[in-house]
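Asks: Could you put the whole structure together from the sequences, leaning on the hints where they help?
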Amino acid sequence: MNRINQKLQEDKKLISIYFTAGYPNLNDTTTIIKNLEKSGVDMIEIGLPFSDPLADGPTIQASSTQALKNGMTTEVLFNQLQDIRKSVSIPLIIMGYFNPILQYGVEAFCKRCQEIGIDGLILPDLPVDVFVEQYKATFEKYGLINVFLITPQTSDERIRYIDSVSNGFIYMVSSASTTGAKLGFGEEQTNYFKRIADLNLNNPQIVGFGISNHKTFNQATQYAKGAIIGSAFVKFIKKSPLDNIENFIPTISIG
Amino acid sequence: MSYNINEKGYYGEFGGAFIPEMLYPNVEELRQNYLKVMVEPSFQKQFNQLLKDYVGRPSPLYFANRLSKKYQTKIYLKREDLNHTGAHKINNTIGQILMAKRLGKTRIIAETGAGQHGVATATVCALMGLECIVYMGEIDIARQAPNVARMKMLGARVVPATSGSKTLKDATNEAIRDWINNPENTHYIIGSAIGPHPYPDMVTRFQSVISEEITWQLKEKENREYPDYVVACIGGGSNAAGTYYHFLDNKGVGIIAIEAAGKGIDSGKSAATSALGKAGIIHGCKTLLMQTNDGQITEPYSISAGLDYPGVGPLHAHLYKTGRGEFYSATDDDAMQAGLELTQLEGIIPAIETAHALAVFKHKTFKPDDIVVISLSGRGDKDLQNYIDYFNL
Ligand SMILES: Cc1ncc(COP(=O)(O)O)c(C=O)c1O
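Heads up: the sequence lines are chains A and B, in that order. The numbering used here numbers the first residue of the first sequence as 1 and each following residue consecutively. The numbering used here numbers the first residue of the second sequence as 1 and each following residue consecutively.
Calculated from the structure, these hints are not laboratory results. Cβ atoms here follow ideal geometry from the backbone N, Cα and C, with glycine treated the same way. Treat the hints with care, as some may be off.
Derived pair list, reagent style SDA-like, types lysine to any residue, alpha-carbon separation capped at 25 Å [to be verified]:
(1) K263/B x F391/B
(2) K8/B x V106/A
(3) K239/A x S163/B
(4) K278/B x Y104/A
(5) K235/A x T162/B
(6) K278/B x Q103/A
(7) K269/B x G71/A
(8) K269/B x L68/A
(9) K235/A x G164/B
(10) K278/B x V128/A
(11) K8/B x Q134/A
(12) K215/A x G57/A
(13) K101/B x Q153/A
Listed next, with one range per pair, are the computed distances between beta-carbon atoms [said to hold, decoys possible]:
(14) R195/A x D381/B: 51 to 59 Å
(15) K239/A x K278/B: 32 to 40 Å
(16) A145/B x T190/A: 45 to 53 Å
(17) G186/A x E28/B: 25 to 33 Å
(18) Q222/A x I265/B: 51 to 59 Å
Replies: Okay, structure coming up:
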């Protein structure tokens, strides 16, 4: 069974962390992953940086620009991850934009992911219908789970369609926004979280965008299976040595 | 071979809507409605009325006598520079603001390079009383100062894009991010034949008034239905798409596209996408774009802010790929010389974008009885300082 599906069966709220590969320094990737696992994180999204990250706010944009300046490329990332499964067992997901993957070759990319032990992909600008028509078979061939996004504006009908083509979890974008920390979630978000929970989807939902602390994590996971922290973590490692990663997680999971 | 968009939003292999889910409801709403709305008699009536009384259409098709003598062929200039606000861009913004109104939107966003699209958007927002926010690269804000002042006077908020190359590509990124953050009340008026489906087709249709007019104007002047060649500069490709539209399926009409070569195609400072680009995804559509082997979008360069874009619209990628279009590029120097030449032979100061199209004669010799229609996409008032600095006037 795919590590993501296994993890989703655990009886707990999951913490998933996003970081941009190649940031703050080119070769921090594996240290960040190992330290995150040590600190109790359930799942990791490794950001493959892109020059024009349309769905991202200033923090992840800046980290992507810096990572590319540092020399991060698809090949460099794969090389860094080559031996990661010797020491890390939690699910690893690559999150990125579609163009770098298209240029690498979708099949070659998926194959490499499987060899390394990547469990899934999140590609915000690969539309659901294009995925289903052109790439679903390839992803399945290499045992990769593709994760789709939904937002407060996504209709119930479309959510059910997305649910029907998903086989891991649904990435629930917390509000209509690019990535980045929010001050907190209001009634509108809570209603949305509840509305989705009431749909009783086949795939569990994990909430992302705007989760930065214990409060927002708890709000997000009241109805959902877990939450993803991105910008807040990227900001944290900008300022703190990688050894301090263990101090970050308690700010999210313990009150 | 078809040069029209198919029902899935592709021109051949190019096009589509590669957008994050956050944009799906907006783009889908537009996709479902744009054709329906465009054929409504009340829409048509209002659109045509505004084009006539407000924009000043039809724009003249002017026989350029001295230029024709010099290049030994028959040159007509399609005078989009005489439109209200000084370029073809207003054809599209009139259409899109009416579309936005029909869809109940109250807030308008746009990106701009040369500032012509920004001005055209700010203008129609003033006309309709809608809030207007224009994203513009920091570098373009500096090199197109007169247009920034116009937008401000028209009541628009001009927001600098400070990432990447600080030009049109980055302004477009910021506009898209704004749209993600404002999914309900906002319409994004894209200024060129780019972006996710249905934008390339919608913009092309609004701009197609250009080739529609050329058809009957040529009939009047030459008793011919179509020219031998149509020529246009290509940034994203909206003036070109509008100039080609009614001739796409007529093999008797040669289609010529001129891109910006900047300092030269191989100089590393260029925006000649067909020569330097590969298929990929930019701003929600599959098309030709300039990128690294690794799929990172590269920063283009052109003296002309409106052509300083690392992609072309999917229609143009298709015209290039199928060989239907002849693609050339003009360097900064070629364009500036061609701009000065038009000024001194015909008394028309063109926009620097447009001047690239006029550099076609460096690349191609036409026959004496060929009829060559060039899209004079905009006037050069906004570029005076650049011309003055370049020629030490
Ligand atoms: C006068 C003029 N011509 C051409 C262009 C290029 O745009 P497009 O290729 O969409 O016509 C611009 C863009 O700003 C412009 O202002």
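Asks: Could you run down the list of hints and mark each one as holding or not?
Replies: Against the structure, the hints:
| no. | hint | result |
| --- | --- | --- |
| 1 | K263/B x F391/B | holds (17 Å) |
| 2 | K8/B x V106/A | holds (22 Å) |
| 3 | K239/A x S163/B | holds (22 Å) |
| 4 | K278/B x Y104/A | holds (13 Å) |
| 5 | K235/A x T162/B | holds (20 Å) |
| 6 | K278/B x Q103/A | holds (9 Å) |
| 7 | K269/B x G71/A | holds (21 Å) |
| 8 | K269/B x L68/A | holds (20 Å) |
| 9 | K235/A x G164/B | holds (20 Å) |
| 10 | K278/B x V128/A | holds (24 Å) |
| 11 | K8/B x Q134/A | holds (14 Å) |
| 12 | K215/A x G57/A | holds (21 Å) |
| 13 | K101/B x Q153/A | holds (20 Å) |
| 14 | R195/A x D381/B: 51 to 59 Å | holds (53 Å) |
| 15 | K239/A x K278/B: 32 to 40 Å | holds (38 Å) |
| 16 | A145/B x T190/A: 45 to 53 Å | holds (47 Å) |
| 17 | G186/A x E28/B: 25 to 33 Å | holds (26 Å) |
| 18 | Q222/A x I265/B: 51 to 59 Å | holds (57 Å) |
Comparing the model with each earlier hint shows no violations; every hint is respected.
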